[in-house]
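> Sequence:
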Amino acid sequence: MNSDMVFIQQYAVPYFGVLAVGARLLNIGYKVDVFIESIEPDLDSLKNLNPRLIGISCMSPEHKWLINISKAIRRELPHAVIIAGGVHAMLYPEEILKETDVDLVCHSEGEEVILKVIAETGKPTHDWSSIHGIAYRNASKQYVFNPRAEVVPYDDAILEDRSFYYNRYPQLAKDTVHRFISSRGCPYKCSFCYNAVLRDALKGKGVYVRQKSAGNFIKELSAQCSR
177 MNSDMVFIQQ YAVPYFGVLA VGARLLNIGY KVDVFIESIE PDLDSLKNLN
227 PRLIGISCMS PEHKWLINIS KAIRRELPHA VIIAGGVHAM LYPEEILKET
277 DVDLVCHSEG EEVILKVIAE TGKPTHDWSS IHGIAYRNAS KQYVFNPRAE
327 VVPYDDAILE DRSFYYNRYP QLAKDTVHRF ISSRGCPYKC SFCYNAVLRD
377 ALKGKGVYVR QKSAGNFIKE LSAQCSR
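Counting in this note's numbering, the sequence shown runs from 177 upward without gaps.
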């Protein structure tokens, strides 16, 4: 069973970024799956999915895990394109390119970036130079940092689709606590949080603090309650 893209993560909970990017791909008709390494430490089932694009979502404390999992994926699926995303990737793309086996780093919000990346993976040769929002190594092994992409409008965002999580891991649907997010971005500058740094990094790329429409948020809650 081939998938167009598989998201890989360490922890057994739906990630907000993966939900957003996955919903964008599913809405267009791509086959999307998820692989949670803490549930399935063996990569055999990932090999059976045979994706052409693999996305690894992580935060900064997971950097060592990113190094190890990207190396394992490269060994088992040498022809797949690997892209790292998430807050860690947005803030430290150079470190990721230096220390891991990923091909690309998404240093912007990913919903629109991923559409261009996955389209490029379907071509015989890949040209990443025109895709805003990513960093990569060129043919000379030099690091290239394309301009950051525009932030994603949020009031009319595509609804979260948790089906690809629950289809593979039905136990997640039975959790007693489910997380939802009604806004993106934060106006504050707490010293312990990455948010102020991220806001500065995305300055000039659109409105940073955004909210979902109340109607869309209620639809997402209702979809979970109906399961």
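If you are wondering where the hints come from, they were derived from the structure by calculation, not from laboratory data. On a predicted model such as this, the values are computed, not experimentally measured, just so you know. Mixed in with the good hints there might be a few duds.
As the list claims (entries may be wrong) - Using C-beta positions, here's what the derived DEER-type ranges look like:
id	residue 1	residue 2	range
1	Lys365	Tyr187	26 to 34 Å
2	Lys247	Asp303	24 to 32 Å
3	Ser358	Lys299	34 to 42 Å
4	Ile357	Glu271	42 to 50 Å
5	Asp351	Arg313	33 to 41 Å
6	Ala390	Ser316	44 to 52 Å
7	Arg313	Asn371	25 to 33 Å
8	Tyr370	Lys247	20 to 28 Å
9	Arg228	Cys362	29 to 37 Å
Claimed, not checked - Keeping only pairs whose Cα atoms sit at most 20 Å apart, straight-line, the calculated DMTMM-like set for lysine to aspartate or glutamate is:
id	residue 1	residue 2
10	Lys317	Glu271
11	Lys274	Glu238
12	Lys395	Asp376
13	Lys395	Asp303
All C-beta atoms, glycine included, are put in the ideal place defined by N, C-alpha and C.
> Quickly compare the C-alpha distance for lysine 274 and glutamate 238 to 20 Å and report which way the hint goes.
With Cα atoms ~16 Å apart, lysine 274 and glutamate 238 stay inside 20 Å; holds.
> Hey, lysine 395 versus aspartate 376, does the alpha-carbon distance stay inside 20 Å?
violated, 32 Å
> A range of 26 to 34 Å was offered for this pair. Does it hold for the Cβ distance of lysine 365 and tyrosine 187?
holds, 27 Å
> With 29 to 37 Å as the target window, see if arginine 228 and cysteine 362 comply at their CB atoms.
35 Å Cβ-Cβ, so the 29 to 37 Å window holds.
> May I ask you to test the hint 42 to 50 Å on the CB atoms belonging to isoleucine 357 and glutamate 271?
At roughly 27 Å between Cβ atoms, glutamate 271 and isoleucine 357 fall outside 42 to 50 Å, so the hint is violated.
> Could you check the hint for me, namely that aspartate 351 and arginine 313 are 33 to 41 Å apart, CB to CB?
Taking Cβ atoms as reference, aspartate 351 and arginine 313 lie about 39 Å apart, which means the hint holds.
> Is the straight-line distance between the alpha-carbon of lysine 317 and that of glutamate 271 20 Å or less?
At roughly 14 Å apart (the allowed maximum being 20 Å), glutamate 271 and lysine 317 satisfy the hint.
> Does the hinted range 20 to 28 Å hold for tyrosine 370 and lysine 247 at CB?
holds, 26 Å
> Verify the CB-CB distance for serine 358 and lysine 299 against the hinted window 34 to 42 Å.
Cβ of serine 358 to Cβ of lysine 299: about 38 Å, so the range 34 to 42 Å holds.
> Run the distance test for lysine 395 versus aspartate 303: straight-line Cα separation, threshold 20 Å.
This hinted pair is violated, its Cα atoms lying about 38 Å apart.
> Could you say whether the range 44 to 52 Å given as a hint is met by the Cβ separation of alanine 390 and serine 316?
Roughly 50 Å apart at Cβ, these two residues keep to the hinted range, so it holds.
> Take the C-beta atom of arginine 313 and the C-beta atom of asparagine 371, compute their distance, and say whether it sits inside 25 to 33 Å.
holds, 29 Å
This entry does not satisfy hints 4, 12 and 13, going by the numbered hints stated previously.
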